[in-house]
Every structure is written in structure tokens, then in C-alpha cells.
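Novice: So you can see what is in the structure, the chains are spelled out below.
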Amino acid sequence: MSHPSDATALKTILIASAMLASLAAGAQTKSTADGIAEYRKMLEDGNPAELFEAKGEALWKQRRGPKNASLEQCDLGKGPGVVKGAWVEMPRHFADTGRVQDLESRLLTCMETLQGFNAAEIAKTPFGRGEQSNVTALATWIAGSSRGMKFNLPQGHAEERRSYELGKRAFFFRGGPMDFSCATCHSEEGKRIRLQDLPVLTKNPGDGLGFAAWPAYRVSNGEMWSMQLRLNDCFRQQRFPFPGFASEATIALGSYMGVNAKGAVSIAPAIKR
Amino acid sequence: MNKTLATLALLGAAAIVAGCATAPAPAVLDQQALAMMKASFRDQGIATVERLNQDLAQQACSAEKAPSEAVTKQVEAESLASIKWPSGGQYLGDWRAGERLAQSGVGMAWNNPSAEPAGNGGQCYNCHEINRAEVSFGTIGPSLWNYGKLRGVKNVTDPAAAAVVQYTWGKLWNSKAYSACSNMPRFGHMKLLNEQQIRDLMALLLDPASPVNR
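These protein sequence lines are chains R and E, in that order. Residues 263 to 535 (my numbering) make up the first sequence, in order. Residues 29 to 242 (my numbering) make up the second sequence, in order.
Treat the hints as calculated values from the structure; they're not laboratory data.
Just the calculated beta-carbon pair ranges, DEER-fashion:
1) E:Ala51 x R:Arg535: 38 to 48 Å
2) R:Lys465 x E:Ser110: 29 to 39 Å
3) R:Gly378 x E:Glu106: 52 to 62 Å
4) R:Gly470 x E:Gln118: 49 to 59 Å
5) E:Ala105 x R:Gly378: 56 to 66 Å
6) R:Met411 x E:Thr50: 27 to 37 Å
7) R:Arg456 x E:Ala190: 29 to 39 Å
8) R:Asn380 x E:Lys66: 19 to 29 Å
9) R:Lys323 x E:Arg128: 47 to 57 Å
Computed cross-link-like contacts, BS3-like style, restricted to lysine-lysine with a CA-CA straight-line distance of at most 27 Å:
10) R:Lys386 x E:Lys66
11) E:Lys199 x R:Lys453
12) E:Lys101 x E:Lys219
13) R:Lys465 x E:Lys93
14) E:Lys177 x E:Lys199
15) R:Lys524 x E:Lys93
Glycine included, C-beta positions come from ideal geometry on N, C-alpha and C.
Go ahead and model the full structure; you've got the sequences and the hints to work with.
Specialist: If you want it as C-alpha cells, here you go:
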């Protein structure tokens, strides 16, 4: 008897082996990028992110928390309860908090004000645990509700423009024992780390690339990654200290990448190797 | 002060005041960004917030625009002076150990237990093609295939090879000595690798017996 997760793992191994074989055999005739594109195509057959979208939608409607309320009155920037199109316009300024917020920090606000959860406690919870895994599922569903739409972050408010400027400075900030900044890997065309293509994030990298590809399900570790987790792991690889969940630097980077991605079509939730 | 100059000075002051009312000046944003970085990160394992304290090279290379000629020269001169040359003039180690180091991307992240160089990899293939037998290589840095051969290194102890050998050691120890804003980590200077590990990487690149120079 095969357990469903074993079957998924087996499928992953088979696809990975097929990719390696095709990379080795087709080295002369097919580029590495083609091989990877083929592998991604195979993965699209069934994106486990759908499970997280379903969970997120149910969580949005469910009465939960100390106040036993749903999130259906949460304002993601387009009015209370409007989910469609919200993701491609975030981070943005919110008058009630007086801050520029990305999707995940805005969800913390709504979970605290509407449902009575402690936002600071959730921010401190490791990814994938407790309410933090619910935030990821909610973010996956909300982002997925803008699938096929183009990024168009508002820049009308002075704080939105300031967030972009701060994000740009964070993007180029070099530090840590290896002197890396985001720009080290994401400011030149056609670069790779090992076989991984790197999107250029100082401009619109194209539909479904860079900022327009997250949240995404990662096959290699079987995890659903939100934008906050994507940034967190970038900073780990940059050998930086640990970025606070929904900290100002992470939100400002979202503003910078999101504004730069203007016009790019969101494919979230995507699937990654 | 004549009247025209006084008028110009007044206009200038007015422009600055008006600028402040609409958007913070670039220098103000620079300060706000630094404060934001300090406030947004915390210690985790070996990765402490001290890592956000920038030295001159990091600070100079943290903008879209390259630093001034004077700052560039200062960074390069200070970096060159910081290079520790190999004890006993022994530049080359074992290319096999070098290949293992070049393959490994481990080290210095918050999930790594120790920052000791002995546990770190060189991460070379992340950014460079080195031995062609390895097809999984990055392209942020230039290809290093045939590194020694292309530079005419047939015998590393030959005085004719000295300049290339010394440059390569210097580049591995402190890449900023030759290019202030190089993307390459400063392996010796930042204690990412120890002297013996750098010798092994030197051998991978320069030893005529290394597969890189086939």
C-alpha cells in the first residue's frame, strides 16, 4: 500500500531523475534553461498550492479567535471584504494603521482587530507553525485571487513613495560576512546561481517572474512559501541576521520590488523546484 | 554679498524647505534606511545584528551608483594592504580538497552551528564555471575553466608565474583589493576560509595537474 505522500515523493523523484537524465543527455542539443522549463511544465500538472488556497479561503470565512469573528470585513486596500485584485496592489498605505503594509502584515492587523488574536505573538511564531501557517494559507488564497492580474501598486501617498525609496536602499545594502546585498544576485540580466535563473528585480522582470511568482509551493522541501518566507530565506543566504516577520525592511523591499514589477502578470501561487 | 547672490541663496533655502514638505531629501532617506535596517533584524544563532555594521567597502558599494574615484581607490588600497600572504611562501595545496571546497555552499548562515572556517565551503560553483565536468554552475562570476592554462602557468614556482599566483591569492583573500565593489566575498579577510583552504582553492585553479587546466 502506498501512502499518498509517498506517491507524491515518488513522483517528485521520478520527475527530478527525468530532468537530470534529460539535462545530461541533451546537453548539446538543449540548454539548461529549456530542461528546467520542461521540468516546471511537468510539475504544473498538480500544484499542491491548491490545497493551501482551499485552506486559506475556509479560514477567511470561518469565525475564529477570541472574538469569534471571520475575516470577511478585513480591508486589504480595496474596501472591506474585497479580495480580488488586492494582492497586485500591495504593499500600500492604510489610513487606519497609518502604515504601509504588505499582505501578511495587513492580515496580522485584521486578525488582531477583527478576531482578537495577538499580532505580535503571531509575528514571533516560526513559519509553518500555529497561526503562522494559517497566515501563509490566507496569503496563498488571497494572492491566488489575483491570478492573471497585473501588478499596479499605488504610489499616490507620500508614505508609499517613501517606502519605495527605503526599499531601494535596503535592496542595495551590502553587509554580513560575505558582503552580499539583494543587488548582488538580482540586478544583472541572464545570471544564475548553479542552475537557478535569477530574476532582475530592479525593473519589471517579466510576467510570473520574481515578485510575480510568489507565494509558491516548493517541491524540494514540500513547503508553501509566502513572500515573507521568500525574503527571509534570501536574507539567510545573504548571511544576514534574522529579518523580523512583517518588519519595515521586508515591507519596504516589497514596495520596491512590487512597484518595479508594474505591469507584470501574477501567476501566484506558483510551483517551484 | 551682492544682491543677486543673496536672492539666489534665499531661493535655494526656499527650495530646500519646499522639498522637505513634499518628500524627504535623499540624505534623510539614507539615514532612515539605516535606522530601518537596524530595527528590522535580530540575532539568530551565529548571525548577529553586528553583521549590519558596514565597513568602508560595504558602505561605499551600497547604492545603484558606483562610489567616487577617490573612494574606489581608498577601498582598493586598504584592501590590498589587508592581504595576508601565505606563511612560508607556500601558495598551493591539494586541488582535490579545493574541488570539494568549491562544491560546498555551506557556512556562515544562521542555521550553521559554527562560524569556524574549517566548517565552511568556498561556494565557488554557485557563481563560477570551474571544472567543466560540473555542469551545475552559476554565472555571476566569470568562467574559471582553464584558469592557470590560459594564463600560461606551467610551473607555479617559476618566477614568470609569480604575478598570476600572487594576484590569485590576493583575489581570494580580499577581492576588493582589485575591484572595490566586486561581488565576490573576501574569503581570507572576513575569515570565511583559512589559509590552508585558500591554498587548496589555489591548487584547483593553478596546479597544472588540476582537471581545471586540462
